[in-house]
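There are 4 protein chains.
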Amino acid sequence: MAMNKKPLKAKGNKARKKQLLAKEIKHIDITKLPGIVATVDSMKSMAFSARDLARAADIFDRMLKDKSCGVILTLAGSLISAGLKKVIVDMLRNNMVDAIVSTGANIVDQDFFEALGFRHYIAGDEFKSGMYDGELRELAIDRIYDTFIDEEDLRICDEATQKIFDSLEPGNYSSRQLIAEFGRYLEENGGPKTDDSIIYEAFKRDIPIFCPAFSDCSAGFGLVHHLHSKDGDPHVAWDGGKDFYELTQLKIANPNTGIFMIGGGVPKNFTQDIVVAAEVLGHDAPMHKYAIQITVADVRDGALSSSTLKEASSWGKVDTAMEQMVFSEATLAVPLVVGYGYHKGSWKARKAKKWSSILDRALATA
Amino acid sequence: MAMNKKPLKAKGNKARKKQLLAKEIKHIDITKLPGIVATVDSMKSMAFSARDLARAADIFDRMLKDKSCGVILTLAGSLISAGLKKVIVDMLRNNMVDAIVSTGANIVDQDFFEALGFRHYIAGDEFKSGMYDGELRELAIDRIYDTFIDEEDLRICDEATQKIFDSLEPGNYSSRQLIAEFGRYLEENGGPKTDDSIIYEAFKRDIPIFCPAFSDCSAGFGLVHHLHSKDGDPHVAWDGGKDFYELTQLKIANPNTGIFMIGGGVPKNFTQDIVVAAEVLGHDAPMHKYAIQITVADVRDGALSSSTLKEASSWGKVDTAMEQMVFSEATLAVPLVVGYGYHKGSWKARKAKKWSSILDRALATA
Amino acid sequence: MAMNKKPLKAKGNKARKKQLLAKEIKHIDITKLPGIVATVDSMKSMAFSARDLARAADIFDRMLKDKSCGVILTLAGSLISAGLKKVIVDMLRNNMVDAIVSTGANIVDQDFFEALGFRHYIAGDEFKSGMYDGELRELAIDRIYDTFIDEEDLRICDEATQKIFDSLEPGNYSSRQLIAEFGRYLEENGGPKTDDSIIYEAFKRDIPIFCPAFSDCSAGFGLVHHLHSKDGDPHVAWDGGKDFYELTQLKIANPNTGIFMIGGGVPKNFTQDIVVAAEVLGHDAPMHKYAIQITVADVRDGALSSSTLKEASSWGKVDTAMEQMVFSEATLAVPLVVGYGYHKGSWKARKAKKWSSILDRALATA
Amino acid sequence: MAMNKKPLKAKGNKARKKQLLAKEIKHIDITKLPGIVATVDSMKSMAFSARDLARAADIFDRMLKDKSCGVILTLAGSLISAGLKKVIVDMLRNNMVDAIVSTGANIVDQDFFEALGFRHYIAGDEFKSGMYDGELRELAIDRIYDTFIDEEDLRICDEATQKIFDSLEPGNYSSRQLIAEFGRYLEENGGPKTDDSIIYEAFKRDIPIFCPAFSDCSAGFGLVHHLHSKDGDPHVAWDGGKDFYELTQLKIANPNTGIFMIGGGVPKNFTQDIVVAAEVLGHDAPMHKYAIQITVADVRDGALSSSTLKEASSWGKVDTAMEQMVFSEATLAVPLVVGYGYHKGSWKARKAKKWSSILDRALATA
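Residue numbers (this note's numbering), protein chains in the order written: chain A, 180 to 545; chain B, 180 to 545; chain C, 180 to 545; chain D, 180 to 545.
This is chain A alone, in the form it adopts within the complex (with noise of 0.2 Å):
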């Protein structure tokens, strides 16, 4: 069985390699700017991305003074990368967020791989223009916009994934077992590389994060490798419909609950069909009685991305009284959201709510 031996080495000038390496991104910290508050107040009675910025923040404080509401946030874009992965970091120390269901790369991709030791880093202006990405092939750089990977540490990122499904008991497990056993990897493996982890922080206090398209990620190379390795044997799977059972379980042990998108795409429609979902096993949920949404997607195209919260009442989906798309691209808009309900303090009255312990024990008794 032929299989990829020799790990990835950019074939280009190393010394030029580590100059463009060499200014990491740095993870906005909200816990210290206590200005936000101010600021985003500021922005109720004007108009435009500003009122609704603001009306999204007093929301997000509503779902969090609502304590028997559980919070979801759905992430899809390139957010960990960009900068916003102790933001959320700081959502789940602070009991501001019960589940998160993510696209990938986010969470295998850029949490996963800055747990392993390595970094995101600065691009310089010029190579957003497109113009070097020939070299950068060759020097096994990954650009995304304004920021830069080293491929070479993606691959090491890839081969630990598959190392985790390799150490499994053969099986069909749900995106969010197979994530809880990338915390458990880190933890057997001296904690992460880093001071915040999703992944680990998720871990340690039993919030689930499922991945819907969970394939489509550096993991997706790691089930690859692993499949093709056991060669028709017994083999870890990652079996999509079980995510969508175990989702679907929490809304109806936990009917109140508040959506907080960041982006659109699968995370965003995956989460609201939970309420469908629930209604097809027989249970009466309500809609999502909380949402907003920060997106730069655009309303007339109807792709998922861009589907108003509006719309998604159409689908008895989502509650209308309580919803706010704001139309912001995320680095700008989620550090006032999130750093807002931060500061107001309406988190510290409420509980962990622990629902990976709920699944898992749903699924000991089953």
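Some clues are possibly wrong.
[Claimed, not checked] Stretches of chain D that chain A covers, calculated by requiring three or more beta carbons in the stretch to come under 8 Å of a beta carbon on chain A:
| # | stretch |
| --- | --- |
| 1 | 225 to 232 |
| 2 | 253 to 262 |
| 3 | 315 to 321 |
| 4 | 463 to 470 |
What the hints contain is simulated information worked out from the structure, not anything from laboratory work.
Computed from a prediction, not measured in an experiment: that's the story for all the values here.
Ideal Cβ placement from N, Cα and C applies to all residues, glycine included.
Chain A is fixed; fit chains B, C and D onto it per the hints.
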């Protein structure tokens, strides 16, 4: 085991509902629009999107002329409900595409849905405002921007997917295998109740369709219900890693590839990634040689939907010699680009690649 | 009085410049594309932008059928350099438009510029990156995204406008009057050095062209130079208030109006405002009866470019019964909408309104 | 001479109108938000718009540190009605800006309007849909997306501009001269009926304000009415060429310039063009040394609003060393960028340039 046996019923006025669902969406038939070629040719030496579109159409024609090139079509956004179904079916019928990678919504909620005899409807302009979404909810009418769907029909579609899952041998399946079973179900039930069906056409022609976020659609409800009804017994599972493995096998078997991307999201990213996956499995796979993308997404936010094709080249996924982004809403640009390819006729010299049979043979011998 | 007498000279390599300016932009000829009608008709029962575009085309056709309706075309964005010149000239030639309100750039820097014998050029894809703008500066090549202009040619255009101003009787002129003089200049100098010229065609047909920000273009340089050279003596002045007065007189003389807006900005806003201006002058002018707009602008930021036509109705400017926005880049949508109107042929029953002669007569008797 | 003497009256229910116009837009006060500095500093090493915004804020601070640099602020889009008035007034009060180039709407319809004692109002979320625009029309309420204006107030503003024109000596004026007369009118009538007025603050501080499309605003109605009432007699005229001439004189007198652009359109283009105009008049003017732009516009359609600052450098207008685009809606980004500049305090060492007095002296000696 409590399960939802009572069919969904709209609460509102039946006459009003009938009135709202009176005008069907009609799918554009590019085979009857030979004038597209001259129109697109006239755009070649203009500027901006016209020039980009003409170049994309030319690259599509080159893909079709390059007989060894396998063409992979990726679909995101609500395309089928928007009237693009026949465009895609005509691509399948005329050997213009060898594999489809799509959101589940396009394939199941919209194409399979129409194959079951249901239709999409034109919403009046006033409904775009969102002001009537409460009434629509009462009437069980779902809205996609300017298009209506009868939620009662959609629930029947959900149930049909469960019936299919219930009828299969327990075990792990790729979305490709499950979607092929949807085609077989149509075949065995008198064929599709519509002139044109993507699932059915692909089934008859051994063209694989992958949905890398398969539980994020009508089939997801079927999967959840099936899983629930089995109550721990062996059941049918969608194995998402298998999807990635199979698509990668196609890249290995047919290294020369071109991708035609409508929208971005998971289908785009997943398909680009098979170049790296093939490499991970020890094969020296070339980058995608041709790549065109039609999208409304923006390049500035690092979302997966919006990474440019140039950016993808830094990742070693897409060659830059023959790539073109077209920034346009799909309903305008897709008929022009595909219509151009159709009436230029380069597909006439192409043979069907029947990639599903390759995969099925591999599985049979495995 | 210090004045710039030496012509601008590029500093860089002449051969390189020649090579960069080798491929001319070619203007699309919709009169040779009868297939557009069937294509647009096929989009009527689709969704999203296709349906919007088909409806806009239909409204344009209705404007032309309604013989008393005066059609005002507004232009913003680089349309002429992008290859849309002949589309507009064909509208003028075939009584499809009765007045133009435009940015100065389209009319002077681009149309008059081509009438002087100069051309726009196709920039290679790599120039879009902006990485070569320093070299272009050295070569005196101006770039509009993917299009090149020879700055040396443009300076000659600037000077030609000054020559015209120098030749006129001192006094206050509307931009319409000045632009008519540009047409006369072409007439007296052997006609335009190009097959199609908006300024010249409008001049011959007594169709008024207004540029409500007339000093914001090549003519602005001519005005400044003219003013400077007169050193306090009586001179030719562009009287911007006169523009508004004249356009309002047309609304009063011909109350039934339709507007065809390409882009937004000052031309759009200025034209919508004449309804209110007519009212201010004591006339009970109806709102614009028909209104279509083709724009890439976004509705969410309150910019003038992006106020929707519905929003304009709250201002009493645009009737909502026959209005349609098309969210598309102009080079794609304009040929389809105008081509539809052209080949439907409703303009054949329309008479030339010769609005400039109305204004000139009014001025003569004033 | 028929003229409109009867004031506009809303036809609808007065109580309903009062209810709709109950909540005033409040202008953000960045002087009270020192927390902005730490927030923006925390965005420096992130990616995407956060990094861009932090760099723009830094460039703004550098403009202010560079004492010889003249700062020109350009305004497009509905900024004053959106709550950004005080931000701009604070820039004027603290020597952070030396000239303004704006759409007429911001300066006359919105700032002068508020100085006359009128206000902008918050529209309820449901009005964004456009479904109530017919009712608004009846009530004489104008809507800008999510903001209301009382059209009866606006007509009084129109008339006030006419009164000012009627009171001046006949002759040709630049928009700068006319707007200064608006400031004098406020001064002579008891000062502005609002705490903060851009026109008044600029008047008192000899800061020039230009509106290069001056007839495209409330003042245009005043100009038209004035012209009409003079019936051929000598009258006050807005001489648009003079605007360009005056702004160019400032570039010649103070060659080191930086531009802070909010939105694009005519103000942006006009201001960039003075570099070339100075050259045309025989002066070797350097490009604008600093340039930042906050815009939602898109780079792909060649509209004036969207040409990037890099593109402007090919035209010899903007230096690329110190330029930064921020793709964000203005209400979010402007408070952060200006607040950063304000609290960094580099303006404290700057002197007022009093550019209007330079121009007035030049005119007096001419």
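These are the hints, each one checked on the structure:
1. 225 to 232: holds (count 7)
2. 253 to 262: holds (count 4)
3. 315 to 321: Since 0 is below three, the answer is violated.
4. 463 to 470: Since three or more residues must qualify, the claim that chain A covers the stretch 463 to 470 of chain D is violated, with 0 doing so at under 8 Å.
Going through the hint list in order, the structure does not satisfy hints 3 and 4.
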